[in-house]
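Asker: In terms of the working numbering, the sequence shown opens at residue 1 and continues consecutively.
Hints should not be assumed to be uniformly reliable.
Taking lysine-lysine pairs in the DSBU-like style, the calculated list, with each CA pair at most 30 Å apart, reads [stated by the list, open to error]:
#1 Lys-226 to Lys-181
#2 Lys-226 to Lys-149
#3 Lys-181 to Lys-149
Please keep in mind that the hints were generated in silico from the structure rather than gathered at the bench.
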Amino acid sequence: MCPTPQQVPAGLMSPRRSRWRARRRSINAMVDNFVFAFSGLAALWLAWLVLSQGFAWGWYLAPFFVLFWLVLAYLVLPRLHSILTAIYVPDYFIGRARTSDGLLGDPINLAVMGSEAQLHEAMSRAGWIRADEITLASSRRIITSTVLKRSYDEAPVSPLLLFGHQQDLAYQQEVQGNPAKRHHVRFWRCPDGWLLPGGHRADWLAAGTFDRAVGFSLFTLQVTHKIDADTDIERDHIVSTLVESGAEIQVRVIEDFATGYHSRNGGGDTIQTDGDLPVVDVRPVAVPVDGNDLGLGLDARREIRARRRPVSTALGVLLMVVRVVVGAVTVALMLGEWQEVSRTAVAGMSAEEAQMLDVFVLVVVILAALGIALYLVLAVLVFRGSNWARIASMAYSGLLVVVSAVSILGGEHITLGTNLFGLPLDILVLLALSARSSRLWARRPRARKRAGSRNQTGTRQEAAAAQAGQQAGAGTDPVAGADTN
């Protein structure tokens, strides 16, 4: 059997095929970058339409302001930050995590030596609870627990990026059963062979902060947790809980690892630090022979997370389906109205003219039906991970946005009331499908997606067995079995 292009190693490909694939990736990246910026401008225009046309609704002004805030906070500002930070924020380690919008996030204020099992055992003994992954159920629960002030010890934390991916582990301690206040820390596994500035070695890097309340982000106006400014207090709290947990944990401090500074994190909260970096050695921690409740291994979790369809893609497909339903209903209504009009229109026509008019209407309806069907097919392909279908869908939605803009410049008045399921949906589709998570997921090799979908259950079982074996090995000799990579 001949290998597919995805199965052929890059070094064994013909130069012509390698150049073709490189050219295709370059063109795709160029299109994505253009749509990414264009959709940001389109979202800004949508926010302006919501604000400017809201004044014409009288007593309905308040709901329009809420809608304007939603569009501005969750669509416009995040996209503008993503565009700008891609230009000026360096894409290498500078001692700060990054938000999904590219803004500089919390400071990296802790390093750890030891395996994942030993880190989890140490944190559990120190009274820390592992945070849930962000899912629809956990998101709903954190909202209800915050509003109703109910305890949620495993509440998820927002994703921050380091080394190009979100945190691998997160732990927290809720304060007095109040989900709005909590100690929490995110951990990232360092790449193999990677060294800290100055040549220092670490297995994990972490960012620990204290959530003091729930409020609005200064940079995006989104509802978020507000952190305490003195991040050194939280750093020292994490270290002290680990040292006092009873294990033979050692701590050394890299003084002046970073220059002491005052700044702001991705939510606009003030942060300050003295720049010291404690390195906590959890390798002496003995892992139970029967392992702990880590579940899947780190590599398996990353693979499952990368294979999982992102929310932005699912949202884009949902909006496309809504667009299809609205289009089908519109065509049906237009056809019904035409039947009413045609009864009087054909009265003064000859039989040949009436027949030509019927043929014209039939052709228009068929073309509209074919367009709707094609758009539905594109939605299905986007849902399955087709990159060319995603680009085609963005091109179609972008064209419709341009047509609406030209109509305004031509003197026609576009209102959200008359085009509620047109222009806003097209802009939202552009924002969803051009998001970073949608781009990365669609660009993954199709063969890998199919294989991953077929073998997902097997992969989980194998990863769980391998993880259990690693934990058992580590438990027999905590020093010799420690993972120091």
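Asker: If a hint holds in the structure, say so; if it does not, say that too.
Answerer: We went through each hint and held it up to the structure:
Distance check on the hinted pair: Lys-226 and Lys-181 sit about 9 Å apart at the alpha-carbon level, within 30 Å; holds. Distance hint between Lys-226 and Lys-149 is fulfilled; the C-alpha atoms sit about 16 Å from each other, no more than 30 Å. Our distance criterion of 30 Å between C-alpha atoms is met by Lys-181 and Lys-149, whose separation comes to about 10 Å.
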